[in-house]
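Asks: Protein sequences appear in the order of chains A and B. -17 is the number of the first residue of the first sequence in our numbering; add one for each residue after it. -17 is the number of the first residue of the second sequence in our numbering; add one for each residue after it.
It is possible that part of the hints are untrue.
Copies of the same chain look alike in the list, so a pair counts if it fits in one copy or across any two.
Cross-link-like lysine-lysine pairs, in silico, PhoX-like; alpha carbons within 20 Å at most [to be verified]:
| hint | residue 1 | residue 2 |
| --- | --- | --- |
| 1 | Lys418 | Lys252 |
| 2 | Lys321 | Lys16 |
| 3 | Lys393 | Lys16 |
| 4 | Lys272 | Lys210 |
| 5 | Lys288 | Lys66 |
| 6 | Lys418 | Lys(-7) |
| 7 | Lys434 | Lys66 |
| 8 | Lys288 | Lys85 |
| 9 | Lys220 | Lys200 |
| 10 | Lys392 | Lys410 |
| 11 | Lys393 | Lys66 |
| 12 | Lys4 | Lys252 |
| 13 | Lys393 | Lys85 |
| 14 | Lys418 | Lys210 |
| 15 | Lys200 | Lys284 |
What the hints contain is simulated information worked out from the structure, not anything from laboratory work.
Chain by chain, the residues run as shown.
There are 2 protein chains.
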Amino acid sequence: MNNDNLIEKLKSILKENQLLLKDDILTRFSHIWKTDEPLQAIAVTFPKSTKEISEIVKLCNVYNQQIIVHGGLTNLVGGTETQKNQLVISLEKMNTIEEIDSKSKTITTQAGAIIESLIDAAAEKDLLLPLNFGAKGSAQIGGAVSANAGGLRVFRYGMTRQMVLGIEVVLPDGTIISSLKKIIKDNSGYDLKQLFIGSEGTLGIVTRVVLRLQEAPKSRSSAFVAVKSYDKVVKLLKYLESELSGGLSGFELIWNRTYRAMTESTELIKPLGDNYEYYVFIESLGSQPKEDYELLEHHIEKSLEKEIIEDAVMAKTEKELQQIWQIREDVAILASKAKYDQHFDISIPISQIGEIINSIITELELINQVKTIFPFGHVADGNIHFIIGRETNSPEIIDLINSVVYSPLKKYKGSLSAEHGIGLHKKKFLLTSRSKEEIELMEKLKTMFDPKNILNPGRIVF
Amino acid sequence: MNNDNLIEKLKSILKENQLLLKDDILTRFSHIWKTDEPLQAIAVTFPKSTKEISEIVKLCNVYNQQIIVHGGLTNLVGGTETQKNQLVISLEKMNTIEEIDSKSKTITTQAGAIIESLIDAAAEKDLLLPLNFGAKGSAQIGGAVSANAGGLRVFRYGMTRQMVLGIEVVLPDGTIISSLKKIIKDNSGYDLKQLFIGSEGTLGIVTRVVLRLQEAPKSRSSAFVAVKSYDKVVKLLKYLESELSGGLSGFELIWNRTYRAMTESTELIKPLGDNYEYYVFIESLGSQPKEDYELLEHHIEKSLEKEIIEDAVMAKTEKELQQIWQIREDVAILASKAKYDQHFDISIPISQIGEIINSIITELELINQVKTIFPFGHVADGNIHFIIGRETNSPEIIDLINSVVYSPLKKYKGSLSAEHGIGLHKKKFLLTSRSKEEIELMEKLKTMFDPKNILNPGRIVF
Chain A
-17 MNNDNLIEKL
-7 KSILKENQLL
3 LKDDILTRFS
13 HIWKTDEPLQ
23 AIAVTFPKST
33 KEISEIVKLC
43 NVYNQQIIVH
53 GGLTNLVGGT
63 ETQKNQLVIS
73 LEKMNTIEEI
83 DSKSKTITTQ
93 AGAIIESLID
103 AAAEKDLLLP
113 LNFGAKGSAQ
123 IGGAVSANAG
133 GLRVFRYGMT
143 RQMVLGIEVV
153 LPDGTIISSL
163 KKIIKDNSGY
173 DLKQLFIGSE
183 GTLGIVTRVV
193 LRLQEAPKSR
203 SSAFVAVKSY
213 DKVVKLLKYL
223 ESELSGGLSG
233 FELIWNRTYR
243 AMTESTELIK
253 PLGDNYEYYV
263 FIESLGSQPK
273 EDYELLEHHI
283 EKSLEKEIIE
293 DAVMAKTEKE
303 LQQIWQIRED
313 VAILASKAKY
323 DQHFDISIPI
333 SQIGEIINSI
343 ITELELINQV
353 KTIFPFGHVA
363 DGNIHFIIGR
373 ETNSPEIIDL
383 INSVVYSPLK
393 KYKGSLSAEH
403 GIGLHKKKFL
413 LTSRSKEEIE
423 LMEKLKTMFD
433 PKNILNPGRI
443 VF
Chain B
-17 MNNDNLIEKL
-7 KSILKENQLL
3 LKDDILTRFS
13 HIWKTDEPLQ
23 AIAVTFPKST
33 KEISEIVKLC
43 NVYNQQIIVH
53 GGLTNLVGGT
63 ETQKNQLVIS
73 LEKMNTIEEI
83 DSKSKTITTQ
93 AGAIIESLID
103 AAAEKDLLLP
113 LNFGAKGSAQ
123 IGGAVSANAG
133 GLRVFRYGMT
143 RQMVLGIEVV
153 LPDGTIISSL
163 KKIIKDNSGY
173 DLKQLFIGSE
183 GTLGIVTRVV
193 LRLQEAPKSR
203 SSAFVAVKSY
213 DKVVKLLKYL
223 ESELSGGLSG
233 FELIWNRTYR
243 AMTESTELIK
253 PLGDNYEYYV
263 FIESLGSQPK
273 EDYELLEHHI
283 EKSLEKEIIE
293 DAVMAKTEKE
303 LQQIWQIRED
313 VAILASKAKY
323 DQHFDISIPI
333 SQIGEIINSI
343 ITELELINQV
353 KTIFPFGHVA
363 DGNIHFIIGR
373 ETNSPEIIDL
383 INSVVYSPLK
393 KYKGSLSAEH
403 GIGLHKKKFL
413 LTSRSKEEIE
423 LMEKLKTMFD
433 PKNILNPGRI
443 VF
C-alpha cells in the first residue's frame, strides 16, 4: 500500500474541486500570519459533509496516513503545522449555518463557518454569540470548539466550552458521533462532548455544533481607571462585581510599562497620565443604556472617594469607548518594540497575580538580552498575557525566558496555557501545569481513541 | 483469595471507627428516603483522606471486590443502592472545608462536606455558592459533582459542572489524579475533570474539589404571573432576559393542573386565580434592592399592557416571596395525590416544550390507571419534571407510562435525564437519548478506566 493508492481512492469519493495535489498545494499558505509560506502536504481535501470526512478518515486508517485538520489557520501553538507527508482535511467548504432557533436561543452550524459570520447571523435576530477574540474574522467555529477558545467576554459568558450544547464529530476510526442537541441540561450518561472540546482535534474532528446564544444586551458602558496597587485592583473587581451584579462583563488589566508602550508615539489616545502602577478597562453590559451608564459612573466615583482607584475616565461616546478599548486590543504594537518577541498566555489564581508577575519581571530584567516586558490580560479570569521582546533568537535565551515565566506555575497551581492550547509548541512544558498521572491518563485516552496516532499527531501528547 | 482476607487487610489500614462489619452495617439506612430499610454490604468503610481511599480501592482491585460510593444518599436513580456482597466507601468523614479564598473567589473542600455547610461558609464571607436544590441539607458536594447536580439557579449560574475549577479523584485502579486548581481558564491539554463530573462515580471517586464562588447578590425580587399560552411563556422569557439583562435568575413554569393541585386544600397561599393555562415564578438577583424591584415591577406591568401575561403579583415582602416560591418547591404534595407515583426529569428544546408536554398529557390521559399528571419545571433550562400518580404498581403500566413520556425524546433530541442522572434505574432507557455509537464509546471509556468493573458497577453502562 502506498500514497498513490490512497490518492486514487480519495479521487473516487471527492469531486475534483475537493482535492488539491502536488504543486497546487503550494498555492495555499501555512498560517494566517505566514501568508508567504506555502503549505506542505501530500494532499489537501475539502469535504462537504460529515459523511465525506468519515470516509476520508477511514481511508487514512487503512493507509496509516497522518491527518492534520485545518480551520481558519489562526492557531498560535502550531496546531495546524504540517509536514509534507501529511494529509490536510480543510473544513472551509463546510461553512453552512443550518439554523438559528430564536425561541431555544441556539445556532446550529457546520464546523467550517467563520465565527464572525455566526456572530452576525445571531445579531440579525437580536441574539448574541458571546465569542469575542481578535481572530474571529478568520477563525472557524470548529477550531474554536476544538481549542476551547476564550477571549474578551469569558468573565461573563464563559469559554467556548460553556456555549456548546450539541456536537457532531468524526472519531479517528471514522465513526460518526452525532449529538446535535439544543438542550442546556443533559445528564444522560457521560458528557462525551467535553472530550472533544479543547482536545485540539486529537480525539476527533468536530464537524457540526449547536451553540447557545444569549439575548443581545442593549447597553455597553465603559470606564478606564488607574490603580496604585494590585491589592486595590482585586478590591475594585470585588466591589464592581458586587455593585453591578450580573452587569460586569469586562475587567482587563495592563501594567504601567505596557500602558506607556501602548500610548507613547502611537496613534492611540492616552486617556490618563502614565504615572500609575496599573490600569483597568471596565465594561458593563445591560438593558438600559442611560441607567447602566449612570450606575457604572456612580460606582467609579465611589471608588475614587474610597481611594480604591486614583483616577478615572468614562467613555462618554461610542467613539471614546472604541478609542479606550483600542489600547487593550492593539497589542500587536507591543510585539513591534523589539527584534524578536515571545508570547505567553498563563493562568494564575487571581489573588496571587500581583506578586507573581512582579517576581517574573524582576527575574526577566536580569536577562541582558530581554529588551521589553509587557504584561496585560484578563485579570478577572486569572489569565495574564506576556509579550517579551528580545534582541537575539538564540534557543538558550528563549528557553531561559520560558523557564522564568513558567517556573511559578507548579507551585501556584497555574497553567502555561489559559486559552491558546498546547499544540506542538508547548508540549515540552506540559509538566509545568499537569501531573505525571494526568499526562499518562491523557496518553491512555489518546491511544484508546486513536491507536494508530493518525489524527493531529504530535499535539498535546504524542 | 476471599472476603476474610480483604477484611483483614482493610483492618490494617483503617482505624476501628472507620470500618463497619456484619450486624453493625444494619444500623445504617440505605437511602435518605428509606430510613427504615437497613443497608446491605459486606463492609462499610469511612476513609479520612484521599490516600486511604486509594489504598482501599487498590485492595478491592486485588480481591475483585465491587465498590459502591456513598455520599448523602439522596440520589434519585438508584446510584447508591447496594447488594450484600458489595463494599461501601462512605465519604462522610471527609467533610473538612479546607479554604475559602475571598480574592480568587474559590472554596476548596473534601468531597464529603454537606452542600449547605459550603453555602453557609461562603455566605459568611459574602460569597455565593450558587448550588441550590432540595436535598442540599443532606447531599454532599462529591455526590453533586459526580452527578453534575442542577437545581433552581442553573439558568443564571449553570450546573455543578460550571462551578468546578479543580478536582482530585481516585481512579478505579487506585491512582490519584490531583488537580486542585483555582483557575478559571486552563487549556493545558485534555480537561480531565470533565470526565469525572456527571459520570456518577463510575470512572473515579471524587475526593476533593475547588469550586468557583460568586459575589453574593444584595437584592432578590420575585413575581408570580399567569400566562395564556406556551408561546407567550417563551415570549415572556425572551422579554425579561432582554430587559433584565444579567439579572434574571429564575423562570419556573407550572401547568394549570399542577397549580390547582398545589393550592387546593393545602397550607399554601393561592396568589392568583386558577383559571389560566400556565403560571410562571420569576426571580431576579441584583445589587440594588429598590431599583431592582422597581425594574422587575415595571416590566411585569409592561407585560400586562402588551398582553404577554394575563395577571400578576409581585412579592412585596420576604414573607410573600417565600410563600410564592413554596408553591414551586413543595412538590412533595403532588406525590401524595395518588397511591403510587412516578417521577420524570426530561429535557426538551425550549421552543417545543408546549406542544410536546400537551401531547404527552393527552396520551397519559388515555391510560385508565393514571390518576394524576403534574408537569412543572425549569422551563428556561428546557427541563420539565413530571409527577405522575397511578392506582396500580403493575410493571406493565409503569413501562407504558415510561414509554409515553420518553417517546418524543429521540425525535426532538431531548434527554430522559436533565439533572438526576441514569444510575441503575434509567439505564434501560438510555437509547431514548443517546445513540448506539455514543453508548459504545461510553462502554469503551468505562472499560479503559475500570477493566474489572469494580467501581459503582451497573450504573450508566455496565
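Asks: Please go over all the hints and tell whether each is borne out by the structure.
Replies: Each hint, compared with the structure:
1. Taking identical chains as interchangeable, the C-alpha atoms of Lys418 and Lys252 are never at most 20 Å apart, the minima being 47 Å within one chain and 60 Å between chains.
2. With identical chains, the CA atoms of Lys321 and Lys16 are at most 20 Å apart within one copy only, with a shortest distance of 17 Å there and 72 Å across copies.
3. For the homomeric pair Lys393 and Lys16, neither the shortest alpha-carbon distance inside one copy (36 Å) nor that between copies (46 Å) is at most 20 Å.
4. Within a single copy, Lys272 and Lys210 get their C-alpha atoms no closer than 30 Å, and across copies no closer than 33 Å, so neither meets the 20 Å cut-off.
5. In the homo-oligomer, the alpha carbons of Lys288 and Lys66 never lie at most 20 Å apart, since the shortest distance is 62 Å inside one protomer and 64 Å across protomers.
6. For the identical chains of this complex, Lys418 and Lys(-7) are neighbours neither inside a copy (44 Å) nor across copies (31 Å), given an alpha-carbon limit of 20 Å.
7. In this assembly of identical chains, Lys434 and Lys66 lie within 20 Å of each other by CA distance solely inside one copy; the values are 19 Å within and 43 Å between copies.
8. In this assembly of identical chains, the alpha carbons of Lys288 and Lys85 lie at most 20 Å apart only when taken from different copies (19 Å versus 44 Å within one copy).
9. Taking the closest pair of Cα atoms, Lys220 and Lys200 come within 20 Å of each other only across two copies (13 Å); inside a single copy the shortest separation is 24 Å, beyond that limit.
10. In this homomeric assembly, Lys392 and Lys410 come within 20 Å of each other (Cα to Cα) only inside a single copy, at 15 Å, whereas the closest approach across copies is 44 Å.
11. For the identical chains of this complex, Lys393 and Lys66 are neighbours neither inside a copy (40 Å) nor across copies (45 Å), given an alpha-carbon limit of 20 Å.
12. In this assembly of identical chains, the alpha carbons of Lys4 and Lys252 never lie at most 20 Å apart, being 52 Å within a copy and 76 Å across copies at closest.
13. For the homomeric pair Lys393 and Lys85, the shortest alpha-carbon distance between copies (18 Å) is at most 20 Å, but the shortest distance inside one copy (47 Å) is not.
14. For the homomeric pair Lys418 and Lys210, neither the shortest alpha-carbon distance inside one copy (40 Å) nor that between copies (59 Å) is at most 20 Å.
15. Within a single copy, Lys200 and Lys284 get their C-alpha atoms only as close as 25 Å, which misses the 20 Å cut-off; across copies the closest is 18 Å, which meets it.
The earlier numbered hints that this structure contradicts are 1, 3, 4, 5, 6, 11, 12, 14.
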